[in-house]
Each structure stands twice: as C-alpha cells, then as structure tokens.
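Listed below, chain by chain, are the residues.
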Amino acid sequence: MIVLFTDFGLRGPYTGQMKAVLHQMAPGTPIIDLFADAPVGNPKASAYLLAVYATWFPAKTVFLCVIDPGVGGARPAIILEADSRWYVGPGNGLFELVQRRARETRSWDIEWKPAHLSASFHGRDLFAPVAAMLARGEQPPGRPCEDGADRRPDWPDDLCEIVYVDHFGNAMTGVRAAELPPNKACRSRPRAGAREDLQRSAGRRSLLV
Amino acid sequence: MIVLFTDFGLRGPYTGQMKAVLHQMAPGTPIIDLFADAPVGNPKASAYLLAVYATWFPAKTVFLCVIDPGVGGARPAIILEADSRWYVGPGNGLFELVQRRARETRSWDIEWKPAHLSASFHGRDLFAPVAAMLARGEQPPGRPCEDGADRRPDWPDDLCEIVYVDHFGNAMTGVRAAELPPNKACRSRPRAGAREDLQRSAGRRSLLV
Amino acid sequence: MIVLFTDFGLRGPYTGQMKAVLHQMAPGTPIIDLFADAPVGNPKASAYLLAVYATWFPAKTVFLCVIDPGVGGARPAIILEADSRWYVGPGNGLFELVQRRARETRSWDIEWKPAHLSASFHGRDLFAPVAAMLARGEQPPGRPCEDGADRRPDWPDDLCEIVYVDHFGNAMTGVRAAELPPNKACRSRPRAGAREDLQRSAGRRSLLV
Chain W
1390 MIVLFTDFGL
1400 RGPYTGQMKA
1410 VLHQMAPGTP
1420 IIDLFADAPV
1430 GNPKASAYLL
1440 AVYATWFPAK
1450 TVFLCVIDPG
1460 VGGARPAIIL
1470 EADSRWYVGP
1480 GNGLFELVQR
1490 RARETRSWDI
1500 EWKPAHLSAS
1510 FHGRDLFAPV
1520 AAMLARGEQP
1530 PGRPCEDGAD
1540 RRPDWPDDLC
1550 EIVYVDHFGN
1560 AMTGVRAAEL
1570 PPNKACRSRP
1580 RAGAREDLQR
1590 SAGRRSLLV
Chain P
1390 MIVLFTDFGL
1400 RGPYTGQMKA
1410 VLHQMAPGTP
1420 IIDLFADAPV
1430 GNPKASAYLL
1440 AVYATWFPAK
1450 TVFLCVIDPG
1460 VGGARPAIIL
1470 EADSRWYVGP
1480 GNGLFELVQR
1490 RARETRSWDI
1500 EWKPAHLSAS
1510 FHGRDLFAPV
1520 AAMLARGEQP
1530 PGRPCEDGAD
1540 RRPDWPDDLC
1550 EIVYVDHFGN
1560 AMTGVRAAEL
1570 PPNKACRSRP
1580 RAGAREDLQR
1590 SAGRRSLLV
Chain R
1390 MIVLFTDFGL
1400 RGPYTGQMKA
1410 VLHQMAPGTP
1420 IIDLFADAPV
1430 GNPKASAYLL
1440 AVYATWFPAK
1450 TVFLCVIDPG
1460 VGGARPAIIL
1470 EADSRWYVGP
1480 GNGLFELVQR
1490 RARETRSWDI
1500 EWKPAHLSAS
1510 FHGRDLFAPV
1520 AAMLARGEQP
1530 PGRPCEDGAD
1540 RRPDWPDDLC
1550 EIVYVDHFGN
1560 AMTGVRAAEL
1570 PPNKACRSRP
1580 RAGAREDLQR
1590 SAGRRSLLV
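Chains as they are written, first to last, in the working numbering: chain W, 1390 to 1598; chain P, 1390 to 1598; chain R, 1390 to 1598.
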C-alpha cells in the first residue's frame, strides 16, 4: 500500500501525475490519499501530523510524503524505514518525529536519479518512482544517511500549536495527550460526531478542541 | 464494488483511513467515492439523497454510508439488503427511504465487533470491515433487526427541502418529480450543462432549480 | 490507463458515477483524476490546458474529457487518436489544440449509442463507455470525422489568457514559452515550492506568474 501525504491540495493535476507514475511503476498497488491538505509549505507542523497518523497503518506501508518548500534547493532526498514502514520524501524535517518516536529506524540518502528531473516537482519525478520501487520490494536506492542534514534535533517532542483543523471543526495539536494532565486533555468536549479519539489509535491522544 | 456515501468532506484523513481498511480486507474490490459531502450530520436529508442515487448502481453493490452524528451513542449499527444491494451504516434513519421504496428488503443488527472500536470513528473500525465482508460475499455478521430502532415511519415519502446543491448550482430536493404536476416539475430550466435529469436514472425526477 | 479531465468539480456524485461505469466496463484499468476543475463550461481555455498536460502521459492512455456546456445539443461526440493517445469527449473544440499540435491524428464521430442516454450526462452514459471500450483495446465505435464540426480553426495557436490558477497560486496561460522571448518567460519568479516548470515536461513552458 502506498499512502500519499502532501500539501498539493485537492485540485489540479499534481496528485494525478504522481499517481500515474505509481500505477505504471507499481501496478496493482493500492494508493491511498491520506492528506492532500497537510500544512502548506510547513514541514514542521506536517511532521507532527504525520507521526500520529502513520503508526495506524500496517507494516510495509510506503508513505510518499511531499511537503517540500525547498524543492530544487540543497535539502537532501530521503528514504526512512521506521518500525517496518517506509517513508520517502524531502529531508527537511518532515520525518523528524516519525524517526524520533520509532523503536527502530534506518535512513538513506536517495542516489537514484530519473532521466528527467524537473526543478520543482520531485514528488512526481523522484519520490514517486522511489516509492514504487519500495512498494515492489526492492532495496532502497541510496546510501545510508550520515550527515544528519535531514534531522531537526531542535524541534520539541510535542508542538504546542494547532497543526490541522478538520472538516468537522476539530483542531489537532502537535501535543500528545499522554504529556498532558488528564483533566486538561480537552478544554471542551468535541461535538457529537467529532472524531475526538482518532489519534488514540496511535496510542496517544493529541487532539484538543 | 464498494460505494462511499459520507459527510467526511473532501479533506483530511478519514476517507483515506476507511479505504485503507477496505483495501486490506477486500483486496481488488473497486472503491467509488459517490458523496463525501452529503448533508453534514443530517441523516434525514441524506436519506433522500441516497435513495435516489443508490438505485442507479448494479446488484451486489455495497454502500458504505456514514452520516453518523450519534456515533458512540445508542443508535444501532445496521446492514440492509434492499433489491439486491447492500447498505452498511448507522441505524439512524439513513436507510429509511431506501428501505421504504425497495421491493424486497432484509436488515440485520451488526453483532461483529472489532478488536478496537473507537468511540467516534465507527466508519473505519466497524462499518468498513463489515462492508468488506459483504463485498467478499460473506454472510451478514449480525442478527435480523426486530425492534425497528433504525426506522423512521414519521418521515415523509417525499421531503420538500433542498437536500444538495451541486457544483453547477443545481439544487436537488427530496421530492420525486412523479409526485408533482408535470408543469411544476421545474420552476426554471437548469442552465446549459446542468445535469437536470440525473435523477431520472432512478426512474423519478426529483431535481428542482 | 484512463485519465479524467472534467469540469465536474471535486464534490458530488458525477465523477463517482463515471468511475462506476469504467470499473464495470474496463475492470482493472487504473483511473487517474487529472483535472476535475478544468475551466467550467469553457472548452476553449480547457483545450489549451489539456494540450500541455496530455503529452506527459504514455502511449495508449485514454483521456475521458468532459467540458460540455452544449450537452444534449447539436455538438458531435468525438474520438481522437493523436500521437498514440486516445481522447473521448464532446466535439466542441476541446481537442483542437491536442489535434493541431500532434504529428499524427485520426478522429471519429461516435456512432455507438447506450440503451439509455440522459439529456445532460453524456459523460456517464456515452463517453465513459466508449473510453472503456478503447481502454480494452477495441476499435473506435464510430465513423471517420469528415465535416470538421469539431474543429476550431479560428482559435489561436497560443492563447494569451490565464487558463488555470493552481493551489499554490501559480497562474498558467495558454501561451507556450517557446513562443516568448526568453527574458519575458516569467515576469516574476514563482515562489519557493511553486511548480514552475511542470509544463516543461511537455517540451514547452507555458506557465507565467
């Protein structure tokens, strides 16, 4: 299964072009749209959102993640294996919290290059092909990360910011509820129908309204 | 074929998580997004919308329907078989019009329970797994409904309300055109390109502009 | 692969109904949402947008294209084969630029008729079934176009209009950059993260900010 986590938005051609690459290179692999509306151009807020949702998915899931304001610049291109799940995307901190919270991790700098690499759409030209390779069970096409250019040790373990507001009006923070006193977990009850415990599936409850 | 009919909205992770369950439990089954923007938290308006669109689909289609403001409360969880199509979702009236207009129906209270049932996301944890079972051809995992807790006999056969406004500006009501005098079917002609007879495919014309 | 290019919008049932037809008639064929938000009711602007994006896709791709303000009227229904890709949709000029820029083209007036053809949703009832036939490798169900009713020789080779504004705020015009002096290709640099060279993949650069 390949899971998409991007800030491409719901409209327009970008997600479709990535899926066309995936269907051609990994035929028959299910593709799941998780977030197309992750915090735009904000790898930090996105990192906390991704870390909570990713652990719900089964082993061998490949996360194709593109929140990449520095595309075309010096940021590395990364593969992360964390607790048997794969993550492919820019090494701009987007995987920092996944990596920090995982029990076992390995990471690689992507060395594979496509025949044509656009300056601004690595999601389609670089990350999608690599995600397809991993979904096919191939070895990561890179060399082990050594310089830590993708890490962000200065980011906090929990982020006291709203990182996402869902369709029902629930605001999600980057704070895991386990870090809060129980009686402060929610200032007010989510309204009926609100998915107030979604993030409980990750073993931690980080949603505040 | 599994058809999604929800009020989850287009954004965010909820539809993706449900699809991940479906892909794992019923691999290879096509999943169709019919409505992700059914009337939010409004099973009554949604019931009239669903009843018109569902009959266009072939036999054995499984409708996974989640408009569920009472999730986590006392409302039952239901499987309905109506004219050879399956419906899975909350027993809050959402299937009232499908059931009332069908020639043959059977319904079950869902007895199957997942290992983990969140308080607020039965779509992912309960209804999606049951929809997958039905799509695989398994028997409904429940016992025949007897108490009528899912029925709404007080709801009218036709609802004189706008239940949906589409992308082209066409407003759909819960009134079947067959119930109206012919010269009052439309107060004004839909503009060019409007899909004014979509609901004719259900044998009734219920769209008014 | 079947690629959807429509003005149906992201919401509502229309794209889902078309996909249901495709899944039934061409099982296992990947379906890609390229644009659901092409210029509404504007085949002319859409024609320039389609011409740039289509050439990125591989041979044998079938484009199911519905920008069809004249649905139910006299406009023909068309199949176009252009440089080994297939296009199905209304003959209202939507394929004019694809056809004009291609090296090799053949076109057909669709003669096949469904058992039920709605007055306003040829996308579902006529174009989707024909797209499925082509995706299955069948012969085009029509006769060669002869009268030119689908052509628009008066439309310019490049259209000096904004035809699309993407999620990141980039505005795309119908002008290929090869037609512009190099120093006027962009009045300002797209902001970081903007996909400023997407259309380069078509060999021409037509995006201006």
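Quick caveat, the hints were computed from the structure, so don't treat them as lab data.
These numbers come from a predicted model, not from an experiment.
Hints are not guaranteed to be accurate.
A pair holds if it fits inside one copy or across any two, identical chains being indistinguishable in the list.
List time: in silico SDA-like cross-link candidates among lysine to any residue, alpha-carbon distance up to 25 Å [stated by the list, open to error]: (1) Lys1502 to Phe1446; (2) Lys1502 to Pro1447; (3) Lys1502 to Asp1546; (4) Lys1449 to Val1410; (5) Lys1502 to Thr1444; (6) Lys1433 to His1556; (7) Lys1449 to Gly1417; (8) Lys1433 to Ser1473; (9) Lys1502 to Trp1445; (10) Lys1449 to Trp1501; (11) Lys1502 to Gly1430; (12) Lys1449 to His1412; (13) Lys1449 to His1505; (14) Lys1502 to Pro1570; (15) Lys1433 to Glu1568; (16) Lys1449 to Thr1418; (17) Lys1449 to Ser1507; (18) Lys1433 to Asp1555.
Original post:
Does the structure break any of the earlier hints, and which numbers would those be?
Top reply: 3 and 14
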